[in-house]
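Residue numbers (the numbering used here), protein chains in the order written: chain A, 1 to 231; chain B, 1 to 157.
You may find that some hints are simply not true.
[Unchecked claim] Dumping the calculated SDA-like pairs for lysine to any residue here, alpha-carbon to alpha-carbon at most 20 angstroms: (1) Lys63/B - Leu25/A; (2) Lys102/B - Trp204/A; (3) Lys63/B - Gly150/A; (4) Lys4/B - Leu50/A; (5) Lys69/A - Pro59/B; (6) Lys5/B - Leu104/A; (7) Lys158/A - Ser21/A; (8) Lys83/A - Lys69/B; (9) Lys102/B - Leu104/A; (10) Lys4/B - Trp204/A; (11) Lys83/A - Lys125/B; (12) Lys125/B - Ser73/A; (13) Lys4/B - Lys69/A; (14) Lys83/A - Ile90/B; (15) Lys4/B - Leu103/A; (16) Lys2/B - Ser105/A; (17) Lys69/B - Met48/B; (18) Lys2/B - Leu104/A; (19) Lys63/B - Ser21/A.
[Stated by the list, open to error] Listed next, with one range per pair, are the computed distances between beta-carbon atoms: (20) Pro3/B - Lys197/A: 22 to 28 angstroms; (21) Asp128/B - Lys197/A: 51 to 57 angstroms; (22) Pro3/B - Arg193/A: 42 to 48 angstroms; (23) Gln66/B - Glu3/A: 17 to 23 angstroms; (24) Ala142/B - Val163/A: 37 to 43 angstroms; (25) Pro59/B - Ser72/A: 27 to 33 angstroms.
No wet-lab data here; the hints were simulated from the structure. A quick note: this is a predicted structure, and the numbers were derived from the prediction, not measured. By construction, the Cβ of each residue, glycine as well, lies at the ideal position given by its N, Cα and C atoms.
The chain contents come next:
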Amino acid sequence: MNELVLAIGAAFWFGILTSISPCPLATNIAAISFIGRKVAHPAYVILTGLLYTLGRTLTYVLLAIILVKGLSSMPLVSHWLQKYMNRLLGPALILVAMVLLDLLSFNISSGGIASWCNKRAAGLGLAGAFLIGVLFAMTFCPVSAALFFGTLIPLSLKHSSGVLLPSIYGAGTALPVLIFAFLLAISADLVARVFNKMAQFELWARRITGGVFLAVGIYFTFAYTLGLRVS
Amino acid sequence: MKPKKLVTAALLVFVVASLGYMVIRENKPVAATIQEIAHQAEPNQQIMVYYFHGDVRCPTCHKLEQYAKEALDAYFTDDLASGKIKWQPINVDTAGNEHFVKDYELVTKSVILSKVVDGRQIAWKNLDRIWDLVSEKEKYLAYIRDNVKEFAAEEQK
Numbered sequence: 001m002n003e004l005v006l007a008i009g010a011a012f013w014f015g016i017l018t019s020i021s022p023c024p025l026a027t028n029i030a031a032i033s034f035i036g037r038k039v040a041h042p043a044y045v046i047l048t049g050l051l052y053t054l055g056r057t058l059t060y061v062l063l064a065i066i067l068v069k070g071l072s073s074m075p076l077v078s079h080w081l082q083k084y085m086n087r088l089l090g091p092a093l094i095l096v097a098m099v100l101l102d103l104l105s106f107n108i109s110s111g112g113i114a115s116w117c118n119k120r121a122a123g124l125g126l127a128g129a130f131l132i133g134v135l136f137a138m139t140f141c142p143v144s145a146a147l148f149f150g151t152l153i154p155l156s157l158k159h160s161s162g163v164l165l166p167s168i169y170g171a172g173t174a175l176p177v178l179i180f181a182f183l184l185a186i187s188a189d190l191v192a193r194v195f196n197k198m199a200q201f202e203l204w205a206r207r208i209t210g211g212v213f214l215a216v217g218i219y220f221t222f223a224y225t226l227g228l229r230v231s
Numbered sequence: 001m002k003p004k005k006l007v008t009a010a011l012l013v014f015v016v017a018s019l020g021y022m023v024i025r026e027n028k029p030v031a032a033t034i035q036e037i038a039h040q041a042e043p044n045q046q047i048m049v050y051y052f053h054g055d056v057r058c059p060t061c062h063k064l065e066q067y068a069k070e071a072l073d074a075y076f077t078d079d080l081a082s083g084k085i086k087w088q089p090i091n092v093d094t095a096g097n098e099h100f101v102k103d104y105e106l107v108t109k110s111v112i113l114s115k116v117v118d119g120r121q122i123a124w125k126n127l128d129r130i131w132d133l134v135s136e137k138e139k140y141l142a143y144i145r146d147n148v149k150e151f152a153a154e155e156q157k
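Please model the complete structure; the sequences and the hints are all you need to start from.
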C-alpha cells in the first residue's frame, strides 16, 4: 500500500516535471493562451481547462494500456510518436490558428456532437480543448519521452497499473498549464472589468491566442516538418 | 484578392508544401547501417560508443551528447586515436537508421556501448542512468568512464 502511495506521488511529480521542463514550453504557452482566452467566462475557462486535462490524461492512459498489456513495442511507439507527431504538429497548429483568426471556418451541415460543439463554442472551443490536450500529449519531446516511456511505464508495469498511475501523471502534466491559464484569465477579467471593455478583451484574447498558435505552428513546421532548425 | 484571402491561401499553401516536403524527406535514404559502421573499424575488436538522438533536440539532450564525448576525450584519448574505441552519434530519425530503435530498444536519447569483434556485434549495453546524472557533470563523466572500462574488460574475459 505504501509503495503504491509512493508510486502515485512519483507519477504526479513526473507529470509536473514533464510540464515544467523547457522542451514543451512552446506548446504549453499555446495551451495557456487557448484555455485562458475566454476572460469574461470563468466557468468556461475552468471547463476548457478540465477538458484539456481530460484529453491529455486519456491519451496517456490509452498509451499506457497498449504498452502495459504488451500490445505494441515500447521503442517503436516512442520513436513513432517522437518522430511524426513533432513533424505534424506545426501544420496542425497553423490550421487551428487559422480557425481562431477566422481565416478558416467549418460549415458542418450534418448535425451531431461535432456540429453542436462547433456552434456552441464558436469553433474549437470545448471539443477543441480536448483535442488539443490529446495532440499535445502525443507530441513527445525528449524529456517527456524519457519520463513517460523510461520512468512512468516501468513504474506502471511494476504496479500493474495501466490506468491509475498514467491518469495521475496526465493530471500532473496539465496542472502547471491550468494554474497559469486561470491566473491569466482572472487577471485579464479584472482589468477588463475595470475598463468595462469585456467584449473587446475577449476578441483580442482570441486574436492573441490565434497569433500564439500561428507562431508556434510556424516554428514547429520550420524546425521539425522541414527540418530547418539550427541547433 | 483581399488581404485576408491572400493570407489564408498563403498559409494553406505553406501547410501543404511543408507536408509534401516532409514526405519527400522521409523517403530519402542516407545513413550507414550498423554493419557498415562496424566494417569501417580498423582493429578487429572495438568498443562503439553510440549516442542516439532524433530530429528533436533539447538543451539537456545536447548536454547528454557533449558530456559523453568529453568523458571519452578525457579518459580514452589513446583508445580513440587507435580506433579501439569509436564515438558515433546517430540520428534515428534519418531514413535508414530506424532499425537502431529496435536493435537497442531505444525509447529516448540514449548512450549505448557496443562490442564489435571482426565486424560483428557480440554484446551491447544501454547506459540508462544518463538522464539521472546529467545535472551533475562530474558524476556523469565518471559514469561513462567506469562503464566503458567495465564493459571492455567484461568482454575480454
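Here's how the hints hold up against the structure:
Our distance criterion of 20 angstroms between C-alpha atoms is met by Lys63/B and Leu25/A, whose separation comes to about 19 angstroms. For the proposed pair Lys102/B and Trp204/A, the alpha carbon gap of about 48 angstroms is over 20 angstroms, so the pair is violated. The hinted pair formed by Lys63/B and Gly150/A meets the criterion: a straight-line CA distance of about 18 angstroms does not exceed 20 angstroms. Pair hint Lys4/B plus Leu50/A does not hold up; C-alpha atoms about 34 angstroms apart against a cutoff of 20 angstroms.
Distance restraint check for Lys69/A and Pro59/B: the Cα-Cα separation of roughly 33 angstroms exceeds the 20 angstroms cut-off, and the hinted pair is therefore not satisfied. Simply put, Lys5/B and Leu104/A have alpha-carbon atoms about 10 angstroms apart, close enough for the 20 angstroms limit, and the pair holds. Only pairs whose Cα atoms come within 20 angstroms are accepted, and Lys158/A paired with Ser21/A is rejected, the gap being roughly 25 angstroms. Proposed proximity of Lys83/A and Lys69/B is contradicted: the alpha carbons are some 25 angstroms apart, above 20 angstroms.
A hinted pair counts as satisfied when its Cα atoms are at most 20 angstroms apart, and Lys102/B with Leu104/A does not qualify at roughly 41 angstroms. A C-alpha spacing of about 17 angstroms is found between Lys4/B and Trp204/A, which places the hinted pair at or below 20 angstroms, so the restraint holds. With a CA separation close to 24 angstroms, the supplied pair Lys83/A and Lys125/B exceeds the 20 angstroms bound. For the hint linking Lys125/B to Ser73/A, the alpha-carbon distance of about 19 angstroms falls within 20 angstroms, and the restraint holds.
A threshold of 20 angstroms between alpha carbons decides the hint, and for Lys4/B with Lys69/A the separation of about 50 angstroms lies outside it, so the pair is violated. Only pairs whose Cα atoms come within 20 angstroms are accepted, and Lys83/A paired with Ile90/B is accepted, the gap being roughly 14 angstroms. At most 20 angstroms may separate the alpha-carbon atoms for a hinted pair to count; Lys4/B and Leu103/A meet this at roughly 7 angstroms. A hinted pair counts as satisfied when its Cα atoms are at most 20 angstroms apart, and Lys2/B with Ser105/A qualifies at roughly 17 angstroms.
Only pairs whose Cα atoms come within 20 angstroms are accepted, and Lys69/B paired with Met48/B is accepted, the gap being roughly 12 angstroms. Simply put, Lys2/B and Leu104/A have alpha-carbon atoms about 14 angstroms apart, close enough for the 20 angstroms limit, and the pair holds. Proximity of Lys63/B to Ser21/A is assessed by CA-CA distance (about 15 angstroms); at most 20 angstroms being required, the pair is judged to hold. Between Pro3/B and Lys197/A, the C-beta spacing of about 26 angstroms keeps the proposed range 22 to 28 angstroms intact.
Against the hinted window of 51 to 57 angstroms, the Cβ-Cβ separation of Asp128/B and Lys197/A comes to about 55 angstroms, which satisfies the hint. In this structure the supplied range 42 to 48 angstroms is violated for Pro3/B paired with Arg193/A, their Cβ-Cβ distance being about 34 angstroms. In this structure the hint that Gln66/B and Glu3/A lie 17 to 23 angstroms apart at CB is violated, the actual value being about 37 angstroms. Checked against the given bound of 37 to 43 angstroms, the beta carbons of Ala142/B and Val163/A, roughly 40 angstroms apart, stay inside it.
The supplied range of 27 to 33 angstroms is met by Pro59/B and Ser72/A, whose beta-carbon atoms lie about 30 angstroms from each other.
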